[in-house]
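Trainee: Sequence:
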Amino acid sequence: MESVTIQIINSDSPLYKAELKLRDEILRKPINLKIENDDLSDEVNQIHFVALLDTAVVGVVVLKIEGQVGKLRQMAVNPEIQGKQIGRKLVNALEVYAKENGVKEIKLHARHYAADFYVKLGYTKTPKPAFEEVGMKHFEMAKVL
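Its first residue numbered 72, the sequence shown is counted upward by one per residue in the working numbering.
Accuracy of the hints is not assured; some may be wrong.
What the hints assert, rightly or not - Listed below are the simulated DSS-like cross-link pairs for lysine-lysine, each with C-alpha atoms no more than 27 Å apart in a straight line: (1) Lys142 / Lys92; (2) Lys155 / Lys208; (3) Lys105 / Lys170; (4) Lys175 / Lys160; (5) Lys142 / Lys100; (6) Lys160 / Lys208; (7) Lys105 / Lys92; (8) Lys175 / Lys135; (9) Lys175 / Lys105; (10) Lys100 / Lys160; (11) Lys170 / Lys155; (12) Lys191 / Lys155; (13) Lys135 / Lys92; (14) Lys178 / Lys105; (15) Lys142 / Lys214; (16) Lys196 / Lys178; (17) Lys135 / Lys105.
Unchecked claim - What follows is a set of in silico ranges between Cβ atoms, one per label pair, in the way DEER data are often shown: (18) Lys208 / Lys88: 28 to 34 Å; (19) Asn108 / Glu211: 22 to 28 Å; (20) Val140 / Ala185: 18 to 24 Å; (21) Gly173 / Asn108: 32 to 38 Å; (22) Thr76 / Pro198: 34 to 40 Å; (23) Val190 / Asp109: 23 to 29 Å; (24) Leu216 / Asp187: 19 to 25 Å; (25) Gln78 / Leu104: 23 to 29 Å; (26) Leu111 / Glu211: 22 to 28 Å; (27) Ser84 / Glu107: 16 to 22 Å; (28) Asn108 / Lys170: 31 to 37 Å.
Just so you know, the hints here were simulated from the structure itself, not pulled from any lab data. Each residue gets a CB set at the ideal place from its N, CA and C atoms; glycine is no exception.
Make the full structure from the sequences, and use the hints.
Mentor: See below:
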(Lines of atoms letter the chains of each structure in order from A and count residues from 1; the text may use other names and numbers.)
(Lines give C-alpha, C1' and ligand atoms only; values in the text may rest on other atoms or scores of the structure.)
Protein backbone atom coordinates (compact mmCIF):
# COMPACT_ATOMS: atom_id res chain seq x y z
CA MET A 1 0.00 0.00 0.00
CA GLU A 2 1.26 3.46 -0.86
CA SER A 3 1.94 5.88 1.92
CA VAL A 4 -1.02 7.51 3.60
CA THR A 5 -0.68 11.19 4.46
CA ILE A 6 -2.64 13.11 7.07
CA GLN A 7 -3.82 16.58 6.15
CA ILE A 8 -5.77 19.23 8.05
CA ILE A 9 -8.60 20.71 6.02
CA ASN A 10 -11.49 23.04 6.73
CA SER A 11 -15.11 22.85 5.70
CA ASP A 12 -14.57 24.90 2.54
CA SER A 13 -11.84 22.56 1.24
CA PRO A 14 -12.68 20.54 -1.88
CA LEU A 15 -11.80 17.45 0.21
CA TYR A 16 -14.60 18.22 2.70
CA LYS A 17 -17.23 16.76 0.36
CA ALA A 18 -15.23 13.50 0.19
CA GLU A 19 -14.88 13.56 3.99
CA LEU A 20 -18.66 13.86 4.37
CA LYS A 21 -19.22 11.02 1.90
CA LEU A 22 -16.89 8.74 3.90
CA ARG A 23 -18.54 9.70 7.20
CA ASP A 24 -21.96 9.03 5.68
CA GLU A 25 -20.93 5.59 4.40
CA ILE A 26 -19.18 4.46 7.60
CA LEU A 27 -21.07 6.22 10.40
CA ARG A 28 -24.54 7.06 9.13
CA LYS A 29 -25.79 4.51 6.57
CA PRO A 30 -25.28 1.47 8.85
CA ILE A 31 -27.70 3.04 11.35
CA ASN A 32 -30.18 4.21 8.69
CA LEU A 33 -29.27 7.88 8.91
CA LYS A 34 -28.02 10.35 6.31
CA ILE A 35 -25.33 12.92 6.94
CA GLU A 36 -27.26 15.42 4.84
CA ASN A 37 -29.84 15.47 7.67
CA ASP A 38 -27.18 16.37 10.28
CA ASP A 39 -26.67 19.94 11.45
CA LEU A 40 -23.16 20.62 10.15
CA SER A 41 -23.21 24.38 10.76
CA ASP A 42 -20.61 24.27 13.56
CA GLU A 43 -18.13 22.24 11.50
CA VAL A 44 -16.62 25.47 10.20
CA ASN A 45 -15.27 25.94 13.78
CA GLN A 46 -13.77 22.45 14.02
CA ILE A 47 -10.49 20.96 12.80
CA HIS A 48 -10.81 18.21 10.22
CA PHE A 49 -8.04 15.65 9.77
CA VAL A 50 -8.21 13.51 6.64
CA ALA A 51 -6.10 10.53 5.67
CA LEU A 52 -5.23 10.59 1.99
CA LEU A 53 -4.17 7.64 -0.13
CA ASP A 54 -2.97 9.42 -3.24
CA THR A 55 -5.83 11.92 -3.59
CA ALA A 56 -8.60 9.75 -2.10
CA VAL A 57 -9.95 10.45 1.40
CA VAL A 58 -9.71 7.09 3.20
CA GLY A 59 -10.03 8.28 6.80
CA VAL A 60 -11.24 11.18 8.89
CA VAL A 61 -11.42 12.45 12.43
CA VAL A 62 -12.72 15.81 13.65
CA LEU A 63 -11.54 17.85 16.64
CA LYS A 64 -13.74 20.33 18.46
CA ILE A 65 -11.83 22.46 20.97
CA GLU A 66 -13.60 23.91 24.00
CA GLY A 67 -11.07 25.70 26.17
CA GLN A 68 -8.49 23.15 27.33
CA VAL A 69 -10.64 20.16 26.36
CA GLY A 70 -10.80 18.66 22.91
CA LYS A 71 -13.61 16.47 21.70
CA LEU A 72 -12.64 13.76 19.22
CA ARG A 73 -15.58 13.06 16.93
CA GLN A 74 -16.61 11.53 13.62
CA MET A 75 -13.77 8.99 13.38
CA ALA A 76 -14.05 6.86 10.25
CA VAL A 77 -11.68 4.77 8.13
CA ASN A 78 -12.56 3.07 4.87
CA PRO A 79 -13.30 -0.57 5.83
CA GLU A 80 -11.25 -1.90 2.90
CA ILE A 81 -8.06 -0.58 4.53
CA GLN A 82 -8.81 -0.80 8.23
CA GLY A 83 -6.07 -2.47 10.26
CA LYS A 84 -3.30 -0.56 8.46
CA GLN A 85 -2.63 2.01 11.25
CA ILE A 86 -4.61 4.79 9.51
CA GLY A 87 -6.88 5.36 12.51
CA ARG A 88 -3.85 5.45 14.80
CA LYS A 89 -2.17 8.04 12.52
CA LEU A 90 -5.30 10.19 12.50
CA VAL A 91 -5.66 10.14 16.29
CA ASN A 92 -1.95 10.85 16.72
CA ALA A 93 -2.15 13.88 14.40
CA LEU A 94 -5.22 15.12 16.28
CA GLU A 95 -3.45 14.73 19.65
CA VAL A 96 -0.30 16.53 18.47
CA TYR A 97 -2.36 19.41 17.09
CA ALA A 98 -4.48 19.57 20.24
CA LYS A 99 -1.44 19.63 22.54
CA GLU A 100 0.24 22.34 20.44
CA ASN A 101 -2.94 24.40 20.78
CA GLY A 102 -3.27 24.25 24.57
CA VAL A 103 -5.61 21.27 24.91
CA LYS A 104 -4.94 19.29 28.10
CA GLU A 105 -7.45 16.44 27.64
CA ILE A 106 -9.24 14.70 24.79
CA LYS A 107 -12.73 13.31 25.36
CA LEU A 108 -14.92 11.21 23.09
CA HIS A 109 -17.97 9.01 22.92
CA ALA A 110 -17.04 5.64 21.41
CA ARG A 111 -19.47 3.17 19.93
CA HIS A 112 -19.16 -0.10 21.88
CA TYR A 113 -17.32 -1.88 19.06
CA ALA A 114 -14.70 0.90 18.76
CA ALA A 115 -13.83 1.31 22.46
CA ASP A 116 -10.94 -1.18 22.42
CA PHE A 117 -9.27 0.76 19.60
CA TYR A 118 -9.13 3.85 21.80
CA VAL A 119 -8.01 1.87 24.87
CA LYS A 120 -4.98 0.70 22.83
CA LEU A 121 -4.19 4.38 22.20
CA GLY A 122 -4.19 5.21 25.93
CA TYR A 123 -7.77 6.33 26.45
CA THR A 124 -9.70 5.28 29.55
CA LYS A 125 -13.36 4.37 29.38
CA THR A 126 -16.26 4.30 31.77
CA PRO A 127 -16.73 0.82 33.27
CA LYS A 128 -20.22 0.59 31.80
CA PRO A 129 -21.65 2.18 28.67
CA ALA A 130 -22.57 5.77 29.46
CA PHE A 131 -25.56 5.95 27.16
CA GLU A 132 -27.32 4.37 24.24
CA GLU A 133 -27.85 6.28 21.02
CA VAL A 134 -29.33 5.03 17.76
CA GLY A 135 -29.67 1.59 19.36
CA MET A 136 -25.95 1.40 20.16
CA LYS A 137 -24.13 1.48 23.48
CA HIS A 138 -21.52 4.24 23.78
CA PHE A 139 -18.67 4.65 26.24
CA GLU A 140 -17.35 7.96 27.49
CA MET A 141 -13.60 7.96 27.05
CA ALA A 142 -10.79 10.39 27.86
CA LYS A 143 -7.04 10.85 27.66
CA VAL A 144 -4.89 13.45 29.39
CA LEU A 145 -2.29 14.86 27.01
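Trainee: Hints first: check each against the structure and report whether it holds.
Mentor: Verification of the hints:
In summary, the hint linking Lys142 to Lys92 is supported, as the alpha carbons are separated by about 21 Å, within the 27 Å threshold. Between Lys155 and Lys208, the direct Cα distance comes to roughly 26 Å. Compliance with the 27 Å bound is thereby established for this hinted pair. Taking the CA atoms of Lys105 and Lys170, the gap is about 32 Å. The hint is violated against a cut of 27 Å. Taking the CA atoms of Lys175 and Lys160, the gap is near 19 Å; set against the 27 Å cutoff, the hint holds.
Annotation: proposed proximity of Lys142 to Lys100 holds, straight-line Cα distance about 23 Å (limit 27 Å). For the hint pairing Lys160 with Lys208, the CA-to-CA distance comes to about 25 Å; that is within 27 Å, so the pair holds. Among the hinted pairs, Lys105 with Lys92 is consistent with the structure: their alpha-carbon atoms are about 10 Å apart, no more than 27 Å. Simply put, Lys175 and Lys135 have alpha-carbon atoms about 13 Å apart, close enough for the 27 Å limit, and the pair holds.
As the CA atoms of Lys175 and Lys105 are separated by approximately 33 Å, the hinted pair breaks the 27 Å bound. With a C-alpha separation of about 25 Å, the suggested pairing of Lys100 with Lys160 holds against the 27 Å cut-off. The hinted pair formed by Lys170 and Lys155 meets the criterion: a straight-line CA distance of about 25 Å does not exceed 27 Å. The straight-line distance between the Cα atoms of Lys191 and Lys155 is roughly 15 Å, inside the 27 Å bound, and the hint therefore holds.
About 20 Å separates the Cα atoms of Lys135 and Lys92, which keeps this hinted pair within 27 Å; it holds. For the hint linking Lys178 to Lys105, the alpha-carbon distance of about 25 Å falls within 27 Å, and the restraint holds. At roughly 10 Å between alpha-carbon atoms, Lys142 and Lys214 fall within 27 Å of each other, so this suggested pair holds. For the suggested pair Lys196 and Lys178, the alpha carbons sit about 10 Å apart, so the restraint of at most 27 Å is met.
Distance check on the hinted pair: Lys135 and Lys105 sit about 21 Å apart at the alpha-carbon level, within 27 Å; holds. Evaluation of the 28 to 34 Å hint for Lys208 and Lys88 yields a pass: the beta carbon distance comes to about 31 Å. The hint said 22 to 28 Å for the Cβ distance between Asn108 and Glu211, and at roughly 25 Å that hint holds. Evaluation of the 18 to 24 Å hint for Val140 and Ala185 yields a pass: the beta carbon distance comes to about 20 Å.
Separated by about 34 Å at the C-beta atoms, Gly173 and Asn108 satisfy the suggested range of 32 to 38 Å. Between Thr76 and Pro198 the C-beta distance comes to about 37 Å, which sits within the given range of 34 to 40 Å. Checked against the hint of 23 to 29 Å, the pair Val190 and Asp109 passes, with Cβ atoms roughly 27 Å apart. One distance hint, 19 to 25 Å for the beta-carbon pair Leu216 and Asp187, holds here, with the actual separation near 21 Å.
Restraint check, Gln78 to Leu104: a C-beta distance of roughly 27 Å satisfies the suggested window 23 to 29 Å. Restraint check, Leu111 to Glu211: a C-beta distance of roughly 23 Å satisfies the suggested window 22 to 28 Å. For Ser84 paired with Glu107, a C-beta distance near 18 Å keeps the hint of 16 to 22 Å intact. With their beta carbons about 34 Å apart, Asn108 and Lys170 fall inside the hinted range of 31 to 37 Å.
Checked against the numbered hints listed earlier, the structure breaks hints 3, 9; every other hint is satisfied.
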